[in-house]
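**Q** Grab the two chains, each in its own frame, and use the hints to assemble them into the complex.
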Amino acid sequence: MKPPALLSMTAPLREDFEIAYHDIGGADAPPKLALVAGIHGDELNGVFVLSRLAHFLSGVVGGRQPGQRLNGRVIIVPAVNVLGVNTRNRRWPFDGTDINRMFPGYNAGETTQRIAHAVLELTRPAHYRVDIHSSNLDFEELPQVRLYEPHDGERGTARLFGLPAVIERPMNTIFTSTLGHAWRACGGQNFVIQAGQAGVVQPAHCDRLFRALVAFLWRTGILTGVALSDEDEEGQYFGVGHTLPLISEHAGLFISRCDVGRWVQAGDIIGQVYDGFAGELRHEIKTPAAGLLSGIRRQPLLYEGDLLARIQTRQAVAEGVDTYLHGQGQ
Amino acid sequence: MQIDHDSILTLELPYRERLQVHRTVFQGGAGPRVAVVAGIHGDELEGLYVCHRLAAWLEELALTRPDGLRGRVELYPALNPLGIDTLQRFVPVFDTDLNRNFPGHREGMLPQRITEAVMRALAGAALVLDIHASNVFLREIPQVRINQESAATLVPLARQMNIDVIWLHGALTVLEATIAHSLNSRGTPCLVVEMGVGMRITPAFTDQLMTGILHVWQALGVLAADLPLAELAHQPLLADDSNVHYLNAETSGLFVPEVEHWTSVQRGQRLGRIVSPHEGGMLSEVRSPVDGVLFTLREYPVVYEGSLMARIMAVAAVEAAQ
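Protein sequences appear in the order of chains A and B. In case it helps, the working numbering puts the first sequence at residues 1 to 330. In case it helps, the working numbering puts the second sequence at residues 1001 to 1322.
Chain B extracted, bound-state conformation (with noise of 0.2 Å):
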């Protein structure tokens, strides 16, 4: 196994200075090619930690059976790297998100430049993993989300990857500039994980993902078939636009939750309040409107009137999935 560090673009800066897309290659042997970038959005950091492990497994695996990697693995953990030396969510200076400059173009812009860069660098992958983990405002269960588009091949793949959501969205609302939507119309499988919080890393997330991940590498033929993984231990329940409520806040206000992130709840069961720093009554009460799970819960406790506070999943598409 031959393991690599370069770049896929260079680019100059204003004053002196250069920017560069880091990748991680680790050379096995002659079989298929996959990748997992992440940092697209420079506030989140889970995929990033998911690239660390992911690099230390293979080193390991480079001393102990380097002949297990039978594939070529690729990892890209900052796509936005100006982003995430930087604090900032969107590319910093050009104030765009990269997620919506897809496929990009060698002349454009520097967010164009980068996406263009990494369009060529994944092209022709087996399966391509892009690792977001929500925004500081809403704590995600590890999913997969899919649009109906390419549901046929991909989500055969994302019932392996030990998530606990399969989330598909409707063909109509496709977002055109995402690299998920790019990479899947020029044939490039890709897969958009979506789990923990901006700004943080949840390692108990990382180590659940992680197996998942290796499972699908050996069952694409990237890890050796005898290689020992870790079992699977979660099934996803599989979530679309008939059974997934939204909790918009009704009032503004400080929000504060009552129940865990990931738990069963009944219609009618109060999930949380809105109140106010100014006085001590509740502005708002939140309840389930359904039987379910409440698998998107809110982390960043200022509310505006419409903020999203929680996602449910009905009850009937979790039995379906049991």
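So that you can see chain A by itself, here it is in the shape it has in the complex (with noise of 0.2 Å):
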């Protein structure tokens, strides 16, 4: 069967396309859940576990899933950006605009207003909304939850996803034109999640999200008859003000052999800095807080003020340097 679109459009010379989306577990109810991933068409790790969701909920809708119930409709867009995934292109590719940039959005207007408006519209009635995120080229996020002044009910929610942590983020320019924000408008809960990198798949990010995702349909009683895994610990809840950036002060090859997800204590080495033509090492960058490593650069090719790491501390700290990085990966 030919599943449904959110939008249907012709092309210059290609095929006319469109933004195919599934519905599952019956089309008359308000859905309970969305799931959106791909709206960057480089990040890969959610079109991959949003496909894979899909096909497990159809199984279970489809009676192949024996003693397993969805109790209510969920809509999972596993890439929005089709011609990105495509031509592996994080923007739309033919004027180069970030759709994540364009919301509300508006159905009159450029392309990419248009993707976004119809998005937001497909999205709206559902009471949960996820949109799932990679980062970006460069750099590697534990799977984690971010939440942008959130509502105390989120707050709460936000942890049946079990993820590794939830970290709340203040507020921001680049924040405000994204799906994320938009939603905010629509009432509900709403939530971004961050898994992994860009450009790639991570088996184990990809399970981990996997294994969220179920929870939380079964923790929300959308999804019956699941036996969850045991083996994801609980997770944390760091507020705003428990994000450490690490900043580089020095260009050159950043080298690390870190794993995001790691306990670090203050003065551990998180990597280091070579001269990429001399070969001498220039820094060694060291974490000066312990806490949780949340994110790490893959890239290494590196500018002066580049972000190296995050960690998540137990004690607040400074964190007015962050603002403008958040914009990284949404």
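The hints are simulated quantities; they were obtained by calculation from the structure and are not laboratory data. By construction, the Cβ of each residue, glycine as well, lies at the ideal position given by its N, Cα and C atoms. Do not take every clue at face value.
Claimed, not checked - Some chain B residues well away from chain A (every beta-carbon gap over 12 Å; in silico):
no., residue
1, R1200
2, L1220
3, L1227
To be verified - Stretches of chain B that chain A covers, calculated by requiring three or more beta carbons in the stretch to come under 8 Å of a beta carbon on chain A:
no., segment
4, 1012 to 1019
5, 1036 to 1047
6, 1102 to 1116
7, 1303 to 1309
**A** Structure representation (structure tokens):
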């Protein structure tokens, strides 16, 4: 059966195209949950996980998962930026605009404003809404829920994913043009998830994210009859002021052997900066505070001022310098 | 008059090289200080040529009337030098719009370090002109864009700029992270000029704008009052949210215009067609929704559904201005 499309559009020379989605569990009631990924065409972890989740939930509805039951309607958009996925482009490839800077969109405006409008209209009736991202090509994020000036209901619900971290961040001017922000005017409960790095599919992060989405469906009662894995430890909650960015003061080649999700102590070495011509060690990057390593730079070519890592701290730290780094991967 | 070339920022690149943001400074008397910035977007080149022409004019002045410069002029032709050198609109590597990174941060990433240095360098100027050249898709008549928030101070200046349109934007649509908003909100007046088209220069527009710039500088006391300048030949029409009509493509294909840019058009007049390279027929007719003047016209033929093809200012506004 041909899946429904949230937008159909002509193209100048290739085939007409559409942004297809999965509508699972009965089309009459408003959706309980809307899941969106691939607004950036290079963020593939979310595309892969949502396509697999749609396959799984279709199996539940189709009776192929004995004992399991879907008690509500779920909307899944594995990829919004279809042409971006197919041409390996983060942005809308034709005009280079970033779809996640076009919300709330406009149905008579530019192409990406129309796409944004259509995504918002499809997901508006849902009660829970989740936008899944994977940072960018340079940086790897521990799978985490991001909250921006949430209400208390969202603070509580964010824990139901069981991801390793829930991280609250201050509002910023970039966020206001994103899908996550446009949802705030629609009521319900809204979440941004960051998982891994753009440009690749990372099986471990994908498995974690898949389990998180199934756990969320189960804990909210949308899905019954599943047995949750017990391999995931309790996630940690970090309020505003508990994010410590490590910024490089040197240019060069950055080499790190650290993995995200590791707890570090003050003084631990996060990586090294080398002179890419002379080969000498120029700087050893140490964390000034203890905490959870929630993100690490994977791009070796380093400019002055680049973000090297983020540490989530138990003690509050000054977060001012981080405010302009928020747009990363969103 | 003293002419200096210096840089406001030097940053190391990962492998051996350095990034510098250069400027040229013309120091005359103790009068007001003004600046021209261009090349925030690496694909917009009109402003680079304006800087060249202004530099040539001031160098000539240094030889013929060195006391003619009563104040100080600073030219910043390329705020995004890596973008211009690599033919990219955004800041290479960072893939970010430099004009969404103001006011920046001294300890930020490279784009924010550039914008912070620019803000520091421009603070306190009597007037900053930020020259843009649309993008590769659309051709624009020389115009100044002003947000309602700063209309009271900026519109009188813009009226002397020898441009064709002043476009007032509603306060709700203010783009907070731009150089213009950042400077204006800190008390340094900044006018945004849009003209021409990306990746090209339009010498006639440069001449027109240059005349306006010199008049405004003279009015501010940067140039001696007795310096003879070319006559102002353009009076701007006033556009705003109420009289600007957008023509977005109904379907995808090749847009072929049938009218010249900056002409009067009648309601219902055909402005162009959208056609397919595969067949001889017409996919869509593009007609003007109003009587007015065509001040934006698409230069790049390929369109997607929704692509902007033209902007028309309704005729009532044109008549009122005349």
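**Q** A separate judgement is required for each hint: does it hold in the structure or not?
**A** Hints, verified against the model:
For R1200 of chain B, the requirement that its beta carbon stay farther than 12 Å from each beta carbon of chain A is met, with the minimum near 18 Å. Every CB of chain A lies more than 12 Å from the CB of L1220 of chain B, the least distance being 32 Å, so the non-interface label holds. Once the 12 Å rule is applied to beta carbons, L1227 of chain B is consistent with being away from chain A; the minimum gap is 42 Å. Counting residues of the segment 1012 to 1019 of chain B whose CB lies closer than 8 Å to any CB of chain A gives 5, which reaches the minimum of 3, so the coverage claim holds.
For the segment 1036 to 1047 of chain B, the stated coverage by chain A is violated: 0 residues have a C-beta nearer than 8 Å to a C-beta of that chain, whereas at least 3 were required. Only residues whose C-beta sits within less than 8 Å of a C-beta in chain A count toward coverage, and the segment 1102 to 1116 of chain B has 8 of them, enough to reach three; the restraint holds. Counting residues of the segment 1303 to 1309 of chain B whose C-beta sits closer than 8 Å to any C-beta of chain A gives 6, which meets the bar of three, so the coverage hint holds.
The earlier numbered hint that this structure contradicts is number 5, and it is the only one.
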